[in-house]
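Engineer: Here are the chains, one letter per residue:
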Amino acid sequence: MSSIALESRPARRAATRDGWLILALVGLLLILMVASLIVGRVPLAFIATLRELLSGDETTAALILGEIRFPRAILAALIGATLGAAGAAMQGLLRNPLAEPGILGVSASAGLGAVIALYFGLSQTFSFALPAAGMTGALLAVLLTYVLSGRDASIFTLILAGVAVNAFAGALTSLALNLAPSPYAALEIVFWMLGSLADRSFDHIRIALPLMAVGGILLAGTGRALNALSLGEDVARSLGVNLRIVRARLILGTAFSVGAAVSVSGTIGFVGLVVPHLLRPLVGHEPGRLMLPSALGGAALVLAADIATRVVPVEPDLQLGVVTAIVGAPFFLYLILHIRRSMR
Amino acid sequence: MAEKVSVDLGARAVLRGASLTAATGNFVGLIGPNGSGKTTLLRAMAGLQRRVAGTVRIDGQLIDDMARAELARRLSFLPQGSEVHWPLRVERLVALGRIPHLDGWRRLSGPDHEAVAEALRAVGAAHLVERTVSALSTGERARVLLARALASEPAILLADEPVASLDLSHQLLVLDLIRDLCVQGMTAVVVFHDLTMAARYCDRLTLLVEGRSFAEGTPDEVLVPANLRDAYDVEGALRSDLGVPHVVSLRRIDRAPAGPPQ
Amino acid sequence: MAARRFLALATLIAGVGVVAPSHVRADPPTRVVSINLCADQLLAFLADPGVLLSVTHLSADPSLSYVAEQVRDISINYGRSEEVLTLRPDLVVAGLYAARPAVAMLQKFGIEVIDLPIPETFHEIRRQVRLLSERLGVEPRGQKLIAEMDRRLANVAANHEHMPRALVLGARGFTSGPGTLVHEVLTAAGLRNVAAELGVQGYGQVGLEEIIRADPEIIVVNQPSIQSPSLARDVLAHPALRHLGGQVVRMNPSLWGCGGPHTVEAVEFLAAVAR
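Protein chains in written order, with the working numbering: chain Y, 1 to 344; chain C, 1001 to 1262; chain B, 2001 to 2275.
You may find that some hints are simply not true.
Partial list, computed: chain B residues near chain Y (C-beta under 8 Å) [what the hints assert, rightly or not]:
id, residue
1, Phe2045
2, Tyr2078
3, Ala2099
4, Pro2101
5, Ala2102
6, Ala2104
7, Arg2130
8, Tyr2203
Everything labelled a hint here was simulated from the structure, so no lab data went into it. Since we're looking at a predicted model, the values are computed, not measured. Backbone N, C-alpha and C define an ideal beta-carbon position, used for all residues, glycine too.
Generate coordinates for the entire structure from the input sequences, incorporating the hints supplied.
Structural biologist: What follows is the structure, given as structure tokens:
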């Protein structure tokens, strides 16, 4: 009896270790959120302003804090959480640590939708045309991916379909840039694609949150199936996993949440790739345990990057997607060196 | 259990009306030359392969009528090879075998941990519990994957060449284990490559040739020279040495290609 | 093409129509912030001293802004809503390509925002001057500016018998055809726009071969000053272009980058060249 008790304890440790990890990430997240409220181009006396805000005093500083910085911080966290969770989901589904939310073409298509709205000047008539167009683009991408890859598609076919959708969306975006009516329009498109959270308001949150929440709900609860998939599709199915439903949940969940995120902030890359990759060893490489930590880690990363855009003394402001790319590129370098070292 | 199963894979008809029956507590061996459809039949029995014709029943009930979860609880499938996509810890990997018993959000609990520990002990891998799967040798990994299949305490085990990569000692360990479990009531259908081991351990054998059930019965009945000749193109016989059966293959039979019909 | 122009026009009308009535106030604003380069210039011309609180950072660049010297002492902004809000403006002037989220945010705070499209005709320049001068309560000043501009335009001795053919050339063959302010300026100066001959509508590109075959008598290149690196050399870098017979003329881009009353200087300059 005693030997069995000894052997079962390590499994229980896994659950508590996750608890510590999540606690640590939540702590990091809270610190970054507060930092995001304090940092900005316009210096604020933070405590005093906070007091004004809480007492309903509508001074300029309180309005800046409450209506500009606060929604920006929340949005950064939501978008980061979306990208992190979707990245973990895609890496689990495709059983590949190099997968990221955009692999099935969702980000590129959301971007294309928004670019089309910019190109036709729709964003100037109807201020939330951009997010709406972005979400439409994302959903069309998913539809196209399903149509291209068929009902019971293998991983390989799914990835190929994603490559095709990405290529198509990229080509059309380049076309839009090429045919842009004026240099200003082209510049507007380019800057939008670089990603930004500047001057986003609670209205943006109201627009993006529903679909993000739907996506998140779809993704949550796929953990066990993703774990089962570690042993291959046959074993997963024999363990009772309904692969078709799980795959649909993962793909649609990613499409909804990432589509909503991209359409509000522009394309922000690398978060969905880097965060799950970094956190995976901390959850014993189990894809099921990875999603929540990745969401928290992604939120932290995007918040940190957004703070960086306001802190780095460069004019004009660094775009958010540029900062995450600058973080992502060295990460790839490190990955390559790490793999080469382990191969030797 | 499986009756008259036909499976088409792409352009080829892989199984043409193959049948296999396994009574409770039986250790059934599925043998046949390369490409005869053994893996396909096993997958069809596990409900993983679409059938063109035929039925698969467990205790009289069609598996098509069974809920996915119910089937998963009663049946364990162990495929060929050792596909593990992430470097999981051994214990967590074996714990995946408990998934059929975890409803909804319920986490692993006492009985689950005990089943995992017991499975690891039974395959002789208890000392590997903290190791990472990717760091194991082929033989160790094979045993750990079998432990996963056993952790769900299945009524039926379907295993595809589970001892192919094991050394002699561990082959005997695993096959002894399966036989013991069969004595305790588990039904096992195991695809064998090695006819000697099949003869030694199985209560009954089904010989598959080109997708059809060529022969069925006890090892003595099935592994007769005539069958070895027709199925394996080999001149050989089933002998008994030191009290244990073994199959001796003497020489190849070179079959001249069939000429045009006269 | 036409559909897009129509949509842009409809947008413009809708935009102005929506903004104007809801915020029409009797008092002219006393705290004005511009987040649009072209608006910087117009406001610099029109606003009373002390009313214009902030201009875009682009106005500090004399190659972009005609009023760079004039706004030297005015604080600059980067179009971020935080900085604009801190100035507590009662009027913000933006452009259709200014950061739209910032504009939306400012409107949420109940600040009046006027959107000015990039002027592509003298008619539009007059309309914008009129609009702003009315809003700022300085109609006489606005009328004077317009009158002065019209007088100088009329005085340009445009010779309509001999109209030299000219092409405005940018890097990689970018040029401006009918529908742009550049085209208007060329026409007012008595020049024929080769871009129109080559079928360019609005901003477009012309190919090297087409330029050579068209053989314009005058090539206009945007270059801020004699000291700045020779854009002309870059634009005309291709060996084939060096054999063109026409004369190369340098134009200060701030004269027509953002259309305004000062654009008439460009007309006068080119008219002189034409003779």
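Engineer: Now look at each hint and say whether the structure bears it out.
Structural biologist: Against the structure, the hints come out as follows:
1. At about 22 Å, the closest approach between the beta carbon of phenylalanine 2045/B and any beta carbon in chain Y exceeds 8 Å, and the interface hint on this residue is violated.
2. With 8 Å as the threshold, the beta carbon of tyrosine 2078/B comes within range of chain Y, its nearest partner Cβ sitting at about 6 Å, so the hint holds.
3. Interface restraint check for alanine 2099/B: the shortest CB-CB distance to chain Y comes to about 7 Å, inside 8 Å, so the restraint holds.
4. Because the smallest distance between the Cβ of proline 2101/B and any Cβ of chain Y comes to about 4 Å, under 8 Å, the interface hint for this residue holds.
5. The criterion of a C-beta within 8 Å of any C-beta in chain Y is met by alanine 2102/B, whose closest approach is roughly 4 Å, and the hint holds.
6. Restraint check, alanine 2104/B versus chain Y: the minimum CB separation of about 5 Å is within 8 Å; hint holds.
7. Below 8 Å, beta-carbon pairs count as interface contacts, and arginine 2130/B has none with chain Y, the closest being about 22 Å; its hint is therefore violated.
8. Look at tyrosine 2203/B: its Cβ gets to within about 5 Å of chain Y, closer than 8 Å, so that hint holds up.
When held up to the earlier numbered hints, the structure conflicts with 1, 7 and fits the remainder.
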